[in-house]
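So the protein lines, in turn, are chains A and B. 7 is the number of the first residue of the first sequence in our numbering; add one for each residue after it. 1496 is the number of the first residue of the second sequence in our numbering; add one for each residue after it.
I should point out that these hints are in silico values taken from the structure, not numbers from a laboratory. Note that this is a predicted model, so its numbers are computed, not measured. Keep in mind that the hints are not guaranteed to be accurate.
Computed beta-carbon distance windows for the label pairs [claimed, not checked]:
no.: 1; chain 1: B; residue 1: 1587; chain 2: A; residue 2: 72; range: 29 to 35 Å
no.: 2; chain 1: B; residue 1: 1641; chain 2: A; residue 2: 315; range: 56 to 62 Å
no.: 3; chain 1: A; residue 1: 299; chain 2: B; residue 2: 1653; range: 26 to 32 Å
Here are some chain B residues pointing at chain A (derived, C-beta under 8 Å) [said to hold, decoys possible]:
no.: 4; residue: 1579
no.: 5; residue: 1585
no.: 6; residue: 1589
no.: 7; residue: 1608
no.: 8; residue: 1611
no.: 9; residue: 1612
no.: 10; residue: 1616
no.: 11; residue: 1642
no.: 12; residue: 1646
no.: 13; residue: 1648
no.: 14; residue: 1651
no.: 15; residue: 1657
no.: 16; residue: 1659
no.: 17; residue: 1660
The beta-carbon is built from N, C-alpha and C at its ideal position, and this holds for glycine as well.
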Amino acid sequence: MVENQPALSVDDRLTDAPRLKDRWFKKQGLDYYAQGENEEYLADEILSLGPDEATAAMRAGDEAWDILRTTARKSAFMDGRLAALGVPEFARPLVQWSVENEWDNFLVGRFDFAGGIDGLPLKLIEFNADTASLLPETTVIQPEVIRKAGLKAAPNDLLATLESNARRLGGGRSDTAIVATHMGSEDDSHNVDVLAKISTAAKWGRTDNVMLPDLEINPDEGVFYEARSGKWIHYGTMIKFFPWDFAAIEEPELWEYLAELVMAKKLRVFNPAWTMLLQSKALLAYAWEDNPSHPLLLPTAFDPAGLPRPLAGYVRKPVFGRMGENLEIVMNGRNVVAKTEGDYSNGPVIYQEYAEFATDRDKHRYQLSTYQAPTACALCCRRQDDMIIDDDGEFVSLALLKEKVSLRF
Amino acid sequence: MLRKHLILPALLTVGLGLTTFSCGSDSDTVEVPTEGLVTTVKEVSTGDFKIESEVPVSNIADSRVIVEDLGGNRDTFTLDEAKMVSQVADPDSRAGRPFRSAGMGYFGFLMLSRMGRTPSAGAYINNGAHQSATSNAGSSMRNSARSTTRSKSGFGGGKSTRSFGG
Chain A
7 MVENQPALSV
17 DDRLTDAPRL
27 KDRWFKKQGL
37 DYYAQGENEE
47 YLADEILSLG
57 PDEATAAMRA
67 GDEAWDILRT
77 TARKSAFMDG
87 RLAALGVPEF
97 ARPLVQWSVE
107 NEWDNFLVGR
117 FDFAGGIDGL
127 PLKLIEFNAD
137 TASLLPETTV
147 IQPEVIRKAG
157 LKAAPNDLLA
167 TLESNARRLG
177 GGRSDTAIVA
187 THMGSEDDSH
197 NVDVLAKIST
207 AAKWGRTDNV
217 MLPDLEINPD
227 EGVFYEARSG
237 KWIHYGTMIK
247 FFPWDFAAIE
257 EPELWEYLAE
267 LVMAKKLRVF
277 NPAWTMLLQS
287 KALLAYAWED
297 NPSHPLLLPT
307 AFDPAGLPRP
317 LAGYVRKPVF
327 GRMGENLEIV
337 MNGRNVVAKT
347 EGDYSNGPVI
357 YQEYAEFATD
367 RDKHRYQLST
377 YQAPTACALC
387 CRRQDDMIID
397 DDGEFVSLAL
407 LKEKVSLRF
Chain B
1496 MLRKHLILPA
1506 LLTVGLGLTT
1516 FSCGSDSDTV
1526 EVPTEGLVTT
1536 VKEVSTGDFK
1546 IESEVPVSNI
1556 ADSRVIVEDL
1566 GGNRDTFTLD
1576 EAKMVSQVAD
1586 PDSRAGRPFR
1596 SAGMGYFGFL
1606 MLSRMGRTPS
1616 AGAYINNGAH
1626 QSATSNAGSS
1636 MRNSARSTTR
1646 SKSGFGGGKS
1656 TRSFGG
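Here chain A stands alone, though its shape is the one from the complex (with noise of 0.2 Å):
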């Protein structure tokens, strides 16, 4: 929370961002996020945080972090729990087995907060654990717009401290390679590739990028790409772009062969199975339960009677949703005041306490994130002037005011 800090107005620090040519995307690879249907996505405002309310976010990504990690540690020992997180009673070994083998071994994943502009409370939205995107935008296209427009920029170490991490992890065997793989999608494609440019400065060895249907899984030998007839790459690394749930709620013999190679020792999956516990939603309605009334958690529950003031709104969430599908914001105890379709109808669901986002003229609401590697090393942003934040989102570059105080995380 911003404490002894004037409010300062959403509206009185954007600034126009310089539009960035389309050579400089096309020579980045990075086409995608500015052409075609995309052609809106980046925004043509850059937002200037106040230094305390950077230092606030960054501080708020460490606590979380510290908050979800107990909570999850906790969790993944009860059966009661596991059920209500959604993970299946044939995937717990694997998620118990990683809690206890590879619970230091976290790559990057993203906090979204709302708050923390305007004098609002920061509060932890949810966490990204699995499948963090965004990396491109504020990896390359963040830094670019900011640098361009002569700003300060507000704090973004991800690729350093990802470096660091990985380098600390250390990915690779010097055997076999290194996959970074992917359903499919050009924007997850795009993700994934930032990833597999970090295990190479990192020095894990080969990285390839490769679809994950392309993939050949052995469960007793590991995982193997064609590269071309008859040369088979071993990889004994996996940098995957895919949710440890979908693997165990679509595709359970995948969940069954990667458990036997990471159990075996045979394949390193980052991010590891425990983050599955964190992926999920309703984690927060435990640590909601653990931590009653933490500044930072908004009260969560299993049912709208579970939460202590539902009357003054609350969101209905899947899970394990993602990009703002599926979503129902409640107000009144029954009026639905915004909702979104998707993929995500089926499963269970949680209740969280509706949060206020701080709102500009034009009515977007501002979300900001702290990416964690695993401490809070950036932050980024997100927009959309309607009530859920969907990928009609616009993606916000983050400048920093020039006030006269230090920054300390």
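Here the structure of chain A is known, so what remains is to put chain B in place on it, guided by the hints.
Just chain B now, kept in the frame of chain A:
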């Protein structure tokens, strides 16, 4: 906005399905079903479901679980839907029980993608249903099952290429 449902062209050329694969070492061999099943589970008392019938069908994709409640109302679920519910719902919940029951019969082989032991009679509504399933669906599935080494590609293939980023 960021449109996240674009398809990379390369995905269209992905090969699917089971494949034998050898990298110079022995692998376990498993039997996998090659035909499907239509299973009907019936609520015999409140919350208690038993298998009423299991009828073989040629294609696994045509597999269905038909759930009939005490009131005679029927819902039909595909194999994918049955897998999702059985993996997400508490097996003791109202939502999970029909699929737990179906999984205790030959439909369980489809849900796990491998053949197993003959289901026990207790999973069925009566001995006649059990015997009929064993001699009909069970026999047909076993005769058509094929062996494979435990190696597979194509995971995630044929599904939505939506972004999985959060």
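Inset, instruction - Would you settle whether the hint for residue 1612 (chain B) is holds or violated, based on the nearest Cβ-Cβ distance to chain A being less than 8 Å? - result: At 17 Å from the nearest chain A Cβ, residue 1612 (chain B) fails the 8 Å test, so the hint is violated.
So, as I understand it, the hint says residue 1616 (chain B) touches chain A; can you test that by seeing if any CB pair is closer than 8 Å? 24 Å, violated
Note to self: Less than 8 Å between beta-carbons is the criterion; does residue 1646 (chain B) satisfy it with respect to chain A?
What the structure shows: 4 Å, holds
Any CB of chain A closer than 8 Å to the CB of residue 1660 (chain B)? Holds. Min distance 3 Å.
(message) Let's test the interface hint: is any C-beta of chain A closer than 8 Å to that of residue 1657 (chain B)?
(response) Cβ of residue 1657 (chain B) sits 6 Å from chain A, so the hint holds.
Given residue 1579 (chain B) as an interface hint, is its Cβ closer than 8 Å to any Cβ of chain A? At 6 Å from the nearest chain A Cβ, residue 1579 (chain B) passes the 8 Å test, so the hint holds.
_Minimum beta-carbon distance criterion (8 Å), residue 1642 (chain B) to chain A_ = Since the shortest Cβ distance to chain A is 15 Å, the answer is violated.
Hold the hint about residue 1585 (chain B) up to the distance rule: shortest CB distance to chain A must be less than 8 Å.
With Cβ-Cβ at 5 Å, under 8 Å, it holds.
Supplied distance hint 56 to 62 Å, evaluated on CB atoms of residue 1641 (chain B) and residue 315 (chain A)
The hint (56 to 62 Å, Cβ to Cβ) holds, given that residue 1641 (chain B) and residue 315 (chain A) are roughly 59 Å apart.
Checklist entry - Going by Cβ atoms only, is residue 1589 (chain B) closer than 8 Å to chain A? => result For residue 1589 (chain B), the interface hint is violated, since the closest Cβ of chain A sits about 13 Å away, which is over 8 Å.
> So the hint says 29 to 35 Å: do the beta-carbon atoms of residue 1587 (chain B) and residue 72 (chain A) match that?
Replying inline: 34 Å, holds
- Task: Using 8 Å as the Cβ threshold, decide whether residue 1608 (chain B) counts as touching chain A.
- Result: 6 Å, holds
Hints 3, 6, 8, 9, 10, 11 from the list above are not met by this structure, while the remaining hints are.
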